[in-house]
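Position chains B and C with the ligands against the provided structure of chain A, taking the given hints into account.
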Amino acid sequence: MDIINLDALAIAESIREGEISAVDATTAFLERIREVEAIVNAYINVSYEEAARRAEMIDAMLAEGRDPGPLAGVPIAVKDLLSTRGFTTTCGSRMLENFVPVYDATVVGRVGEAGMVMLGKANMDEFAMGSSTETSYFGPTRNPWNPDTVPGGSSGGSAAAVSAGEAPWALGSDTGGSIRQPAAMCGIVGMKPTYGLVSRYGLVAFASSLDQVGPMARNVGDCAALLGVIAGHDPMDSTSIPAEKVDYQGRLDGEVRGLKVGVVKEISSRGIDEGVLERFRAAVSKLEGLGMEVGEISLPSFEYALSAYYVIAPAEASSNLARFDGVRYGFRASAEGEDIWEMYDRTRSIGFGSEVKRRIILGTYVLSAGYYDAYYGQARKVRTLIVKEFERAFRTYDVLVSPTTPSVAFRLGEKVDDPLTMYLSDMCTIPVNLAGIPAISLPCGLSEGMPVGFQLMGPALGEATVLNVAYALESELGFDQRPPIGRS
Amino acid sequence: MAISMEEVEHVAKLARLALSGEEKEAMRCQLSDVLEHAHRVSEVDTEGVLPTSHVVPLVNVFREDVVRPSITPFEATGNASWAEEGAFRVPRIL
Amino acid sequence: MEFETVIGLEIHVELSTDSKMFCSCSAGFGGEPNTKTCPVCLGHPGSLPVPNRRAVNDTILLALALNCDITGCSIFHRKNYFYPDMPKNFQISQYDIPISSGGTLEIDMGEYTRTVGITRVHLEEDTGKSVHVGESGRIHGAEYSLEDFNRAGIPLAEIVSEPDLRTPDEARKFMQLLHSTIRYLEISDCKMEEGSLRCDANISVAVDGSMGTKVEIKNMNSFRAMHRALTYEEQRQRRTIRDGGEVVQETRHWDDARGTTSPLRSKEEAFDYRYFPEPDLVPLEPDEAWVRELREGLPELPGDRVRRFVSEYGLSREIAETLTGERALADYFEDAAGKGQDPVAVAKWIAGDLGALLNDAAVTIQSCPVGTGGLSELVELIDGGVISGKMAKDVLKEAFETGNSPRLIVEEKGLTQIADESELDTLVDEVIEENPGAADDMRDGKEQALKFLMGQVMKKTRGKANPKAASDIIRKRLT
Ligand SMILES: [Mg+2]
Ligand SMILES: [Zn+2]
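Protein chains in written order, with my numbering: chain A, 1 to 488; chain B, 489 to 582; chain C, 583 to 1061.
Chain A with its partners taken away, still in its complex shape (with noise of 0.2 Å):
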């Protein structure tokens, strides 16, 4: 068999009829990393061993007629933001190389009671700053599109794994569209659920009040299962929503018939490549031919989405980053003679990349003295203009769409001096982290023979019918989402 061109769900029933084992599961994608990653780098560390163990246990447990989850010996990777007991957790940083959690993030203990095997953990932009994997201490991923491009970040190993058949899915996490983009770039579905329906315990902040951990899978059915495993109520996390706990996989029916779409015009149009605006449309039309009302909406404080992004993401980040100082864990420089704030500048100068620091002395200005209002102040008011906005929009429409990326994956190194038109990737993802609501990414079609992406956004909680939605227009697009790297 297959296994590695097999979706999540059928592996998982492939196991449970007694087809293949958990560990000829997880020895098909331990081989296939071999194989690949020279090329792609999707995973800063692979478990090996832990994997073999680990499904070797789960077959052990089935043969003894025990439960061992209901996705029992999938593999899965997971994005090194998130934290791994005992396992190393780098979240791409120099800062945290060899550093070892003592807990489980609330996620990774989720997928290892449905019995999934964790495959190792993902490359991602350094504390997720990034929309290329290129600010990775453990250098970039690349695109199984493409080598020479990048697979979009920060999430791009998770994305990469996934498309270059590495691991069936992967869980990312999404602060202002780094699971949607690299989604989008490397053909795979993505969503950032609700802020609050999956728990942050355990994943590294980067921005505390636009994060958000989210599935990334081949398909839209996958994508539902796994967000199913990971959401829910956690006493662990503060801002975690104690809401019931949704059959998204169960309620997938294809039925959208009459459901209105809104297409958002200021990020969909200007700012967005013809190639990626030719897919988008055609996919808007098969919307169209599945019977739903598509009609045009204008949203005018997402001009300034962006720019108030680039103020709060760093500012809170500013905060969270911190705590890595030397003192308690991760890199710490240290010479002969010097006080601890010296300790503390080098420690941070060289454990940090300039990415990293970029974004710290951006986060720190605008909380600073005197700047704070013009910046900090004013850009939490336009996060609050463009949740009503949105909320407005819900009235009317069900779901709203847009491209994902204004443009296909770009080639490695293009942007990475020029962090602006770096951030300008992210101009049709960010809209919905400052919102806190629900969005999906599915392939749509290639442009120059690359991905791209279709985002359907959401109200709150509404992850039942984005994914409804993106599940019908899944089956009507027909995509292949294989990439030429050596997938047959």
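None of these hints come from the bench; they were simulated from the model. For every residue, glycine included, the Cβ atom is placed at its ideal position computed from N, Cα and C. Treat the hints loosely; a few may be bogus.
[What the hints assert, rightly or not] Partial list, computed: chain C residues near chain B (C-beta under 10 Å): (1) D600; (2) C605; (3) G612; (4) I657; (5) G710; (6) Y726; (7) L728; (8) G777; (9) E867; (10) D869; (11) E870; (12) A871; (13) V873.
[What the hints assert, rightly or not] When the alpha-carbon atoms are kept at most 25 Å apart in a straight line, the in silico BS3-like pairs for lysine-lysine are as follows: (14) K501(B) to K415(A); (15) K381(A) to K661(C); (16) K661(C) to K501(B).
Same frame as chain A, now just chains B and C with the ligands:
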């Protein structure tokens, strides 16, 4: 929205980062660009608009006052580059 | 030049919750370094805070006791600065929307009272503890420091007073009243020596009504230290101004051994805390029912109790303050006084001899071997003339040591006073006969002679003579 060298230095000190001269200059240029973009938030009319800190409609989230086991001393200091007698050792403060 | 000292206090109180403010580690004092820690209070990457309900509850209670308004919707902020005792290099605290504000605490200085404004009571987390290693054992000259985070994350209520205090005496009185108020609420043990009650002061000297420069004083680890530090600083600032110098705005460190303050210099950057709303926590909105329940459950607080003890029992203010310092002591007094004896006498014995016995034996009033019934009995024995005040001291001591009732002790030891007139007549006659000189002096109207003769009577009776009866007889004979 150009940011001055002195401002970069001041902020770097607050953030406890020692930047080389080259780094500082690069940072100054790039940040000026980003800040110019960021400053666009000031163009928005926000008269009477309340700032958003939290998008979740939750209040009064508490845990009960119950003690649970702490981690072991080995776990507490296991990741530290310099621990001594169960404590974290740091260079002199003054 | 007319000087006026202006003092404001900032007090931190560790709440005695079982667990910490934002995690489930024990909030107990001490322990081996870092044995009461977890990913949250060590600031491990990815960990998140969840507030302790009781800490919020107790802070509201304290705020109500200080007559503050409870804020309908308050939020936590992050206070950002680097320091090795801070696990996250920011402290979760409150800033412009604290849980309460606008309270008062009235202090009675005897000749006058002063109503001190309470700017705010808010909630925050404590830092860890640094042990400085080096010859001095202090931060100055230390080779390195060791960080212990057992204390990090213990809930702290911060009380900020308005600059309404005018003398070190007032500041001390304020702290004493605040201390007993918090103890009444049973929300903290308030041990300055263990650091569960800490106080910083801002002090300035206004000259001819124009405001002076504020100096912050730290490291005052007892009421006495605070009083000395403020007195020293008041004098230092006055002297500086008188000598034509200028007071510098700075933080100064009180050195209790030397009895001086000195500037606390630090290499840290000029403070810019970059406060911003803590995104990991949601707002606090204590509903009215919660606040009402707490308000209604407030005990009678020491300030009110002093006033009532003065008016209801006729006690002096000083003795009322002593008795109300601890809630249990005041309860003990009220219970004893309720048994029918003179409350003033009861109060005097509790505040005086009993207090000293408790103090010497380091026993709390709750486990005092002399019950309120026994104490009342003692006063009754004195009042009825059965024993003298002097004998009563020994009886109380014995009762304290053995737990026996004063009446039983008096009976068993035959300590009853000699008040019988015929017996005393004989005794006085003997004394006059044995001391003719003194008797003559007494006849000449020299009052000192009475004292001498009384002493002789007491000597003969081993102190058992009723002093009033004996001196009456001597007077009758010799005048
Ligand atoms: Mg404070
Ligand atoms: Zn803890």
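Now the hints, each set against the structure:
| no. | hint | result |
| --- | --- | --- |
| 1 | D600 | 5 Å, holds |
| 2 | C605 | 8 Å, holds |
| 3 | G612 | 13 Å, violated |
| 4 | I657 | 7 Å, holds |
| 5 | G710 | 9 Å, holds |
| 6 | Y726 | 6 Å, holds |
| 7 | L728 | 4 Å, holds |
| 8 | G777 | 17 Å, violated |
| 9 | E867 | 4 Å, holds |
| 10 | D869 | 8 Å, holds |
| 11 | E870 | 13 Å, violated |
| 12 | A871 | 12 Å, violated |
| 13 | V873 | 13 Å, violated |
| 14 | K501(B) to K415(A) | 28 Å, violated |
| 15 | K381(A) to K661(C) | 21 Å, holds |
| 16 | K661(C) to K501(B) | 16 Å, holds |
Checked against the numbered hints given earlier, the structure breaks hints 3, 8, 11, 12, 13, 14 and satisfies all the rest.
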